[in-house]
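For the record, the sequence lines run as chains A and B.
For what it's worth, the working numbering labels the leading residue of the first sequence as 1213, then goes sequentially.
For what it's worth, the working numbering labels the leading residue of the second sequence as 4, then goes sequentially.
FYI, nobody ran anything at the bench for these hints, they're computed from the structure.
Misleading hints may appear alongside valid ones.
Distance condition first, Cα-Cα at most 27 Å in a straight line; then the derived DSSO-like pairs of lysine-lysine [what the hints assert, rightly or not]:
(1) 1277(A) <-> 84(B)
(2) 84(B) <-> 1386(A)
(3) 1247(A) <-> 84(B)
(4) 1247(A) <-> 1277(A)
(5) 84(B) <-> 1249(A)
(6) 1229(A) <-> 84(B)
Just the calculated beta-carbon pair ranges, DEER-fashion [claimed, not checked]:
(7) 1332(A) <-> 96(B): 38 to 46 Å
(8) 103(B) <-> 1343(A): 18 to 26 Å
(9) 111(B) <-> 1302(A): 38 to 46 Å
(10) 95(B) <-> 1366(A): 26 to 34 Å
(11) 95(B) <-> 1310(A): 50 to 58 Å
(12) 1324(A) <-> 103(B): 48 to 56 Å
Computed from a prediction, not measured in an experiment: that's the story for all the values here.
Glycine residues also receive a C-beta, built at the ideal position from the N, C-alpha and C atoms.
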Amino acid sequence: MKEVVESDSRNTTDPVKWVEEHGDALYRFAYSFLKDKERSEDAVQETFLAAIRANDRFSERSSVKSWLFGILKHKIVDIIRQDARYVRPADWADDDPHFEDRFFNANGRWQTPPRTWEHPELTLENRQFWREMEGCLALLPPKTARIFFLKEMDGMSTEEICQETGSTTTTVWKALSRARMSLRACLERHGFGQE
Amino acid sequence: MFSRRKEKRMTDNRKERTSPMSCRDISALVSESLDRPLSLSERLVLRTHLLFCRACNEYSRQIRLIEDFFRRTRTETDSLKERDHEEPVLPEESRRRITRRIEDEIRDHGPESHP
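Isolated chain A, as found in the complex:
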């Protein structure tokens, strides 16, 4: 993860040069998730602008490139979360004490047992899957989504997520559990895994 400080042009702190130096790599990265020219361009542009606004933090960074990619990931997540295809139940909030009641009946059994997924192809290249996944990710309440993305986009450990969000381990595990529960149900509800 940590990169050695480079003093060549690749580590320039001159924002105008970033477009030449890092534009293609950032764009390609954004495109692999967003699959769309305009959304990917927006993500790249917003990344540069956010970086300029946080300019005073340049000097603390070991590598401009990895710093820009860090910002880009968050911009991609923001864009994915703007997807409003599916509507979240109005009463589903981050701290909903009844979340699990949507999935289990009073004796703790599944209301709708998960069905077997036939030929599940979970890849970014499987447009149908990824489109559904985007829509389902957008449904997660904000804090739950943040924790899920820190885990799955940034690959953070529970401890790192706790530090980043100021949450307890129990909160993090619960949020991840709920995110997984709702994602798989949402995918299935929209036909994923059924022939």
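For this one, chain A is given, so just place chain B on it according to the hints.
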């Protein structure tokens, strides 16, 4: 399809983390197994339940597939950072537009300390 076998309610303290018996509790444990090492007794409880419960088995399989998808995606997209001069590239007109936008931003709210 889904066996509705009666679950033996060994104790009534289902809330206790070491003896979760319902599918509701098991689903949380399955999820946590992706985030932390389970204790020996938790592993035992989980394995026993999964042996008999098709729904929880499927749940476990699916959230693992999702977890695995994100792990693969992290690895694959990470490697994109290093591969220069590959398609797709930032289109020329976008490059110009973004550069102009950056110059505007610097003029308006510019970084004072930049060399």
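Hint by hint, which ones does this structure get wrong, listed from lowest number up? 2, 8
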